[in-house]
Amino acid sequence: MKTVVLLSDARHAISGRATLSGLEARAISLAAALDPAPRGLHAGGGAEGVSAGLGHGLQGLDVLDLPEGADPVPALAAHLQAALGKNDAPGIVLAGRRGEGGLETGLVPYLLADALGLPILADAVALRQGEAAGTLVVDQAMQKGARRRVTIRLPAVVTVHPLAPPPRPFAYAKMRRGEIRFLPTAEAIGDTAGGGNGSGSGEERPHRARPKLMRTGGTAAGAHNLHVGPEPEEAARLILDYLEANGIRRYGDTRG
Amino acid sequence: MSRPRRDPRGERATKTITAAGRIRLDVALRAARAAASGRPRRDPWREWAASLVDETHRKRYDRSQRQMSREEAARFSTVRDTIEATAISPGQPALRVIEKPAFLVFAVVEAAGGRLSRFDRQVLGAARLLADAGDGGGAVVAVIAAGATAGDAARGDDHETGLGAAGADRVLVLEGGASPSGRSAAMLSAVEGLSPRHVVFAEDGDGADLARRLSVCLGEALFPAVEHLTARQAVRALRHAKAEIGLAPPRLMTIGEDRAKPYEAIPCEARRLDLGPFAGAGGTAARGDDSAILSVEIIPGDPARLSLSETDFVVSAGNGVSDFTAFRALAAKLRATPGASRVVCDAGLMPRAAQVGASGTVLSADCYLALGISGAPQHLQGIVGCEHVIAVNTDLHAAMIERAGLAIVADAQRVMPALLKLLGEAGA
Ligand SMILES: Cc1cc2nc3c(=O)[nH]c(=O)nc-3n(C[C@H](O)[C@H](O)[C@H](O)COP(=O)(O)OP(=O)(O)OC[C@H]3O[C@@H](n4cnc5c(N)ncnc54)[C@H](O)[C@@H]3O)c2cc1C
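Just so you know, the protein sequences line up as chains Y and P, in that order.
Heads up: the first sequence begins at 1 in my numbering, then just goes up one per residue.
Heads up: the second sequence begins at 257 in my numbering, then just goes up one per residue.
Keep in mind the hints are simulated off the structure, nothing from the lab.
Values in this document were obtained by computation on a predicted structure and should not be read as measured data.
Virtual Cβ for every residue (Gly too), placed ideally from N, Cα, C.
Please note that the accuracy of each hint is not assured.
Unchecked claim - Estimated spans, in silico, between C-beta atoms of each pair:
1. A132(Y) x D579(P): 48 to 56 Å
2. K212(Y) x S551(P): 18 to 26 Å
3. G229(Y) x D579(P): 28 to 36 Å
4. P162(Y) x E448(P): 29 to 37 Å
5. F359(P) x A209(Y): 48 to 56 Å
6. A245(Y) x T486(P): 30 to 38 Å
7. V353(P) x E204(Y): 53 to 61 Å
Stated by the list, open to error - The calculated SDA-like cross-link candidates involving lysine to any residue, where the alpha carbons are at most 25 Å apart (straight line), are:
8. K144(Y) x V640(P)
9. K212(Y) x A499(P)
10. K589(P) x E643(P)
This is chain Y alone, in the form it adopts within the complex (with noise of 0.2 Å):
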């Protein structure tokens, strides 16, 4: 199944660098686990940063050549769309599901999936090839450690969640050794930056540190009930009617 995973323009959190995102790095695992060939794909400047993929697992690099802060949804929508008309057309367009270093907003995904009109499916921790050809299982992160597993017709767009297994270690030659394509875009596609990203009509300026709510626990018990000595069997209802009436696990029956 030919996988391709997208690599966004990074910065690394301390040095502002261009690098690879932690969670692109994941993607690539989880696709090299499909595809014995996986491909990357970065609209941007050059393959600096990104290049870093090609060690940790993927066999080559296409890089659309864009302006510095032009929006990558059109470029990229055009040369999928390209992609998935041809013979062995992508199956799986991977992504982290938020950027790293840039707006943070986690919509390009979103946005790309509905130029291409393929179906997107969130916050996948494992991926595995579904029993019918052309199906894959997703497995979506959920709270508390649920998962969700959905079977789902390919093509799709697949966002990966940070809980994913972590990325395969990096190796500087396969990094020298992978072939990076660089491809120009069309002029139509340019710099209509910022569209439908967030950042809207508001200015940047420097971030300034505002505490979370502080997660104060205790008085939300109203009355206090102690109970001194109980046989231990009238403990243990108490402990469980207490459990139950706060509605943290229902015993007895399965649905938890």
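Use these hints to put chain P with the ligand onto chain Y, whose structure you have.
Here is chain P with the ligand on its own, set in the frame of chain Y:
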């Protein structure tokens, strides 16, 4: 007890004589007393009486300035029937009703398992803030996707979900099916039909997904992961939290966890909203992916394998536990994640990863069951975020007993088998 409140500044103003030269006051002017503000006076005695939590041993007061929840008010009026529970804040009604909202604010809540989570409450609190902004008069509409158990809960009693207490004036249940595209189509038709001024989502899981789908469908910008929200502006961080953007609260936004205060004043009515004319319009924006999704299956998390920071319920063993086979069996039976105090981890009886506390894991669980743990400060630091704490300890004066919402002074070695037995009966 509602003497009108005096207004000293107003009185002073009426007493001033503005003759030429310096300002003089006519101290004898009696008429000045009439100038009172309309607000009734506070009654501190009554407020102290209302915040009395527990009278059994010595008096405990809860002065966290919370309004009473409805259950508490009911309990309170039975305990001290000399005082009418609703009269604690005079002049305020027991239920807040907004009959004709000036505008609507949507709050999209997940309500997994039919209960509002902490985060859901915060989303409702943020929506409440926006609805009361400026001249106010807005109504908060809690939007719940049906299909999950949440739908059943919303259809039933709102007491159970507590939507009203969390600040929802109206409740809207979306019948869009379980698929993400179905949900976003239903959401789209609701937004088009009711045209809310703001739509607030949680920046987490399905809420975050739905917000982005809706933003793309509507072709409207989304302001994600808001860090700071007031009536005037919404602020979010970007570029690895090195920069930020502040805007007047936009139409579509997702809010970060622990960034908005939950609503805690008078309960709202949480009236069911009928979908009415736009119920059938869901098909307008249906994308191609409904047919692409072939099957959906939910795999519940296995608490035993979850990390402590992720789980919602922890059972923890301390130095007072000696029977660890029973403890492990109990954790499995309770469907809880096992934890331990440092003493136990140091002794090698539990893995280091299970340590709860300042030098172990700081929990974000809802409930903590402590067996034979004394409650050292370093340990208590790990459970500050837990809403419900249950302690079993032989020592009445242990700090953990004081911290607990349910405290049982008994031998853990005897309580554990009793619990196992009871769970066995319940499961059978
Ligand atoms: C720098 C520093 C960091 C630390 N960090 C941590 C940390 O992260 N996490 C942590 O847990 N500790 C930490 N500690 C250790 C902490 O101070 C305490 O020593 C430890 O928490 C005590 O563990 P305990 O409650 O299990 O044991 P104890 O203090 O020995 O308490 C045992 C309790 O069990 C009760 N008991 C005894 N027998 C029974 C029975 N049969 N049934 C029921 N109850 C019984 C006793 O009444 C007593 O209250 C730290 C200490 C330091 C100095």
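Now the hints, each set against the structure:
Between A132(Y) and D579(P) the Cβ separation comes to about 50 Å, which falls inside the hinted range of 48 to 56 Å. Distance hint check for K212(Y) and S551(P): the Cβ-Cβ separation is about 38 Å, which falls outside the suggested range of 18 to 26 Å. Between G229(Y) and D579(P) the beta carbons are some 20 Å apart, a value that contradicts the proposed interval 28 to 36 Å. Between P162(Y) and E448(P), the C-beta spacing of about 34 Å keeps the proposed range 29 to 37 Å intact.
About 33 Å separates the C-beta atoms of F359(P) and A209(Y), a value inconsistent with the hinted range of 48 to 56 Å. At roughly 36 Å, the beta carbons of A245(Y) and T486(P) sit within the given window of 30 to 38 Å. Distance hint check for V353(P) and E204(Y): the Cβ-Cβ separation is about 42 Å, which falls outside the suggested range of 53 to 61 Å. Distance hint between K144(Y) and V640(P) is fulfilled; the C-alpha atoms sit about 19 Å from each other, no more than 25 Å.
With a C-alpha separation of about 17 Å, the suggested pair K212(Y) and A499(P) falls inside the 25 Å cut-off, and the hint holds. Distance hint between K589(P) and E643(P) is fulfilled; the C-alpha atoms sit about 22 Å from each other, no more than 25 Å.
Of the numbered hints listed earlier, those contradicted by the structure are 2, 3, 5, 7.
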